[in-house]
Structures are given as structure tokens and as C-alpha cells.
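A.B. asks: Sequence order for the protein chains is L and G. Read in order, the letters of the first sequence are residues 2 to 353 in my numbering. Read in order, the letters of the second sequence are residues 2 to 353 in my numbering.
FYI, nobody ran anything at the bench for these hints, they're computed from the structure. Certain hints may be false.
[To be verified] Stretch-level coverage of chain G by chain L, calculated; a stretch enters the list once three of its residues show a Cβ under 8 Å from a Cβ in chain L:
1. 35 to 42
2. 144 to 154
3. 179 to 191
4. 285 to 299
[Claimed, not checked] Anything over 10 Å on all C-beta distances counts as not near chain L; from chain G, calculated:
5. Thr25
6. Ala26
7. Asp31
8. Gly57
9. Pro58
10. Leu87
11. Gln102
12. Gly105
13. Val249
Fair warning: this is a prediction, and the values are worked out from it, not measured in the lab. Every residue, glycine too, gets a C-beta built ideally from N, C-alpha and C.
2 protein chains.
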Amino acid sequence: MKSFKFKAWLSALLVSTVFAAGTTAAWSDDAIQVPVKSIPVASTASVGLQNSIKAGPLSFWNDHPQSAQEWKAWVQHLAELTEKGLPALRAKMGVSVQASQMAGVQVFTVTPDSIAPENQRRVLLHVHGGGYVIGPGASGNAEAIMMASKGHIKVISVDYRMPPDAPYPAALDDVVAVYKELIQSTDPQRLAVFGTSTGGGLTLALALRAKAEGLPMPAALGAGTPWADMDKTGDSYFINENIDNVLVSYEGWLGDAAKLYANGRDLKDPMLSPVYGDVRGFPPTILASGTRDLFLSNTVRMHQKLREAGGVADLIVFEGLSHAQYLSSPDAYETQQYFSELNYFFNKYLAK
Amino acid sequence: MKSFKFKAWLSALLVSTVFAAGTTAAWSDDAIQVPVKSIPVASTASVGLQNSIKAGPLSFWNDHPQSAQEWKAWVQHLAELTEKGLPALRAKMGVSVQASQMAGVQVFTVTPDSIAPENQRRVLLHVHGGGYVIGPGASGNAEAIMMASKGHIKVISVDYRMPPDAPYPAALDDVVAVYKELIQSTDPQRLAVFGTSTGGGLTLALALRAKAEGLPMPAALGAGTPWADMDKTGDSYFINENIDNVLVSYEGWLGDAAKLYANGRDLKDPMLSPVYGDVRGFPPTILASGTRDLFLSNTVRMHQKLREAGGVADLIVFEGLSHAQYLSSPDAYETQQYFSELNYFFNKYLAK
């Protein structure tokens, strides 16, 4: 029985010179060298997202704008592309959107055709994603529109300032300012804050700031695949590199955006990377990610941290999905599931 | 601004001939070709598990016993290695273990030095893991010992029959038989069933059988990284191939064991692969996995299925851990966390 042998793991090192040609990984004390592999299309994800899953990496993932002017042109171009789809999305979702200001910050109030009886006095505060650079103006509204519609609840989305003009702490200051004004008129027990990616990171940072400033906490948080560690720290930054077709790699625009927002500040500062914060006293939080998500580790590390601190924290991981892909198609099963989970969770923890 | 271009994803296909040398994945309608990559040691996992994480693949992952006799020798050798560590584990954990029979099936009753007041009338039924082939006799006891000790609760572990002598449905029949006898003396509302890997799969299959036979459900289930799909279906079978250092690949002994247990039966039969079962009416279930786990998709698909069916289902994903690695060191942070989560969950849902 030739296979019946208990090789020392050191023997695996001996194959390191041939790993590129074969199917065996090479292990050392520092890293695993993983050979070339083929990942089939995730047939276990829903039919409604198969096109997004098959669609190869987002065309702009490896763009590297070199100046403030280039960043602005890049962001503006993406915003225009996104805004083209918004009238159809608003119509499909049956919402109206009003721009206004709160505490001097631009916000969008998203009102669905019908507000559920239990949500009459509730409000959700939405923080959009986009790596602290993408999603200015109405182009950051899509998640707020879908939530308002599917949850039958009023949503206020913050159009926070962003770099290159306004690096840290401008974005967080704006979210905090809107939150402070909002809790003058809305009982925080009837309020949840939510967002995806950078929106999830800012949601968590807002709660850290609320603690630091002695503000009342909102009743619940939704942190969809939050940018909880802005440094390239965490397993999935590596495992899902070149597999996640939305972010693809920290080495694309993403890592540049981190530095642009941090503006010299330590990326591990808890206000940038909330996974390093003290999360005791946080309200119930729901988190979501996907098996191909570059931010899977950001999500599960944050989840673990919240539970370790004695908090209520629910985790959902979507099979076969890349970063924030649950937002990519309003009719897809996972999109329905995401908003249905948020809705259920907020309904459970918000006062009526 | 040369990087400011929105390439069609088709252009990615053009690099497919050079991907092995570079850092870009090649995408097609069927699969992603992921280039060679380096995964650093998971510094984000606990210090207590760093040795397990660095230790390279388990030496026997790619063994392929060729006959019933070879399987038995292979299993026996692993059992002997494991059993050597048991006296020290029992002593450290402060438990006593008694072998006996229930409904004609061999079981081990694990009794901790002290039983918590709320657990006086509660019992946990444990189903060990090992791919339906590994873990006969006392060698399947480790998880039951740790749970009894850390939860201060009595645990009964089922030493179910296994192939090559006894393929499907012997293992499940044995677990069901013990469950039936146990609920004669213990209120099922004071009873949870739990296990890891194959133990998680059998736990879920037991609940399917209980439904099919009209038996009362236990009050809760613990399905640690359950073998919910015995076919090679699911994202993490591919993404974490050669990254998970416990199972490593379905192409090792694991896939052989699946066929040995199924014995010609369709691997997608819900009694083999409970992710295809009708899980409405399942009791609250807690599931656990890791970011490197070959069974991450088994776990999250099962979790999604349970929530979709309206059940209570909690998910924990351990950062940096391979399959069932949370069991590998009783003092490690993640091990404490795993049993503490199970304990909290069972305490919440079991009657006193």
C-alpha cells in the first residue's frame, strides 16, 4: 500500500521547485505557494447573478489615477455611467429621491411609494460605498433606493465629502454631522445605519465616534462587506485575489484609494480600520459577504470581534459572490435575500 | 491618463497565454484561470493555532487506499495515533468516558467533573467527523470531550458503523437508532445534536430522517463545517484547494471516502448531501467554518438554505482557519470561541 505513509510536512518543501507545473502547493513558514488553478463558474449562486459572475473583472479595477485631476475625471466618469441607470432603478423600485442638506452636508432622502405601518416613525441612514472615492452625488444612491423599496421604509443617504479634495476625516465627519442632526428629530432607537464596503466601514466608524463623543447609539447597524481593515491584512485579500471580479486585488485602484483617504494617517487607526476599535457597547449588527469576496476576512474578523465583545452580530456569506455583488442586480435571489435579511434584522431591533 | 480605459472583459482572455507568468487571471464563460499565488501565514488567526496553520498539509491527505483491507489498515493507523493523545486530553479536560451500548450501537458517555445547574437534565448527542471512514471507537471522542468539559454538560458520542464494512445507510441508521432511544428518557427539548465535518453532515441528515419518520426534533443542532454536499460542488472546493491544509483537496482520500460511503447511491441524495434536503421545520442551528476551509461553501450554502426556510441559523467563520482547525488545539482562542458559541447557543434554545 504505497500511499500509506505519513510524510513529514517538511517533505512538502522539497516540491517547491516544481509547484508551478503541478497541482501541489508548496509550504514554508511564511507562506503557501498555490499553483495555478481553475475556478469554475459558481453554478451554486443564483441564475440571476450568473452574468455578473461570468463577466470577468470590472474593467477599471487596475486603473491608477496619478493626480488629483485624474482622480476626479475617473470618479466623474464612473459616476456618469452609474447615474444613467438611476431613473430606471427609481421607477422600477417605486421610490422618489429628494436632495437636500442636513448639518451642511448634502443628503438624499429616498421615499418609497408605501411605508410599512411599523416603519412610520423609523428612518434608516445609508452610507454609500466606493472606496472613499467613488459614488459622489446621486451615483451613490442605488443601495438606498433598493432598501427603501424592499423595506418600505424612509432612507436618508449621505453624500459625504471625499478625496482628493477632502481626505480623512471629512467623510466620517459628514456622516457624524448628519447622524447628530438626525437624532434631534428621530429617536435613535428608531434608527439604523447601514452601508456596503466603504459604507460598511463608515457605519462602524460612526459607531466608534458616537461612543467616543458620548452620543446615543443607533438601534442597529448593517455592515455589508465592510472595509474593516484598510491595510492589506487578512486572509481573503490574498486567497480571493484575482478571483473576486469586482475589486480583484488590493493592488488595483483600491490600495491607492486607501492611501488617498488616509492622507498619511496610519491605516490601522480604528477610525479608518474599525476592526482595531473597541466595539463594546455596539448595537446589534448584521454583516454580509461572499465566498469570492476580497473583503470576506474584513467581514468575518469584524463579526468575530463584535461577538467576542458580547454584541449581537449576524453573519451571512453568499455562495459564489464577489465583493458587494449582492447589489448588482435588483431581481437576483441574493439581492432579495440581502435586503430581506436587513429588513428582518432592523425590524427586530428597532423600536416602532 | 493611460490607465483610464474601460477595457472589455474579453480583452482579459487575450492574456490567457501568459497568465502563469503574471498576476492577472484569465476569464472565460466556464472558469477563471487563477495564476500562481502566495498566501502568507494567517497572522490574523490566533497565536495558539499558528503551528497548525504553518504545519503544511496533513501528511495523509493524498493517500488512496485501494482495497477494503487497505482502508481498514489506514483507518486503524490513524485511530491509534489519535488514541495516544486521549488520556492526556481527558485528564486535562477533567472528564470521564464510559463505553456502553444504546439500541445495539456502541456509544461513549462523556461526563465532566462538574455539570452546570442549568444542564442537569440536558444531554448533547455528538456525532464525530472523519469523512465516514476515520474515527472509530474512542478515536472519535475528542470534540465530545472538549464540549463536555467546556460546556459542563453530559455528552453522548455515537460510535456509528462505517465503510468499507458498512456503507450508507449504516452510519445514519446508527445515529437515528441512538437518537430514538435517547428521546425515550430525555425530553428532546433538553437535547441538542452536534458534530463537525461528517459529524455535521450526519447531524443534518438525522434531522431530515427525524422529519421523515415523524420523530420530535431536538431543540438545537450544531453543524460545524458540515459535509453538506458530498459531490465536488461549491465554490470553496476549488478556491481553497491546496490552501486548506487539513483536507487539501477533494481529489485526496476525501473523494474516495465519499464514494465508499455512498456505495453507488447518488451523492446528491439529501440523506448524503443534506443541502439538497427540505429543511423546513429544522430547529435552531449553529454552523462554523473558516476562510481556508474546503467546506466553507458547504457551510454557507447550508446556512443560507436554513435561513431561506425560515429557520434560526447562526454562522461563524474563523479567520485564517482550514477545515475543522478550530478543534486542533484545546487552548487556542478559536477553540474556546467555538465551544463557547455552541454552549451559548444550546443554552439559549434548550429547555432546562
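A.B. asks: Against this structure, judge whether each hint is valid.
C.D. replies: Hint-by-hint comparison with the structure:
no.: 1; hint: 35 to 42; result: holds (count 8)
no.: 2; hint: 144 to 154; result: violated (count 0)
no.: 3; hint: 179 to 191; result: violated (count 0)
no.: 4; hint: 285 to 299; result: holds (count 4)
no.: 5; hint: Thr25; result: violated (7 Å)
no.: 6; hint: Ala26; result: violated (4 Å)
no.: 7; hint: Asp31; result: violated (6 Å)
no.: 8; hint: Gly57; result: violated (3 Å)
no.: 9; hint: Pro58; result: violated (6 Å)
no.: 10; hint: Leu87; result: holds (19 Å)
no.: 11; hint: Gln102; result: holds (32 Å)
no.: 12; hint: Gly105; result: holds (32 Å)
no.: 13; hint: Val249; result: violated (8 Å)
Of the numbered hints listed earlier, those contradicted by the structure are 2, 3, 5, 6, 7, 8, 9, 13.
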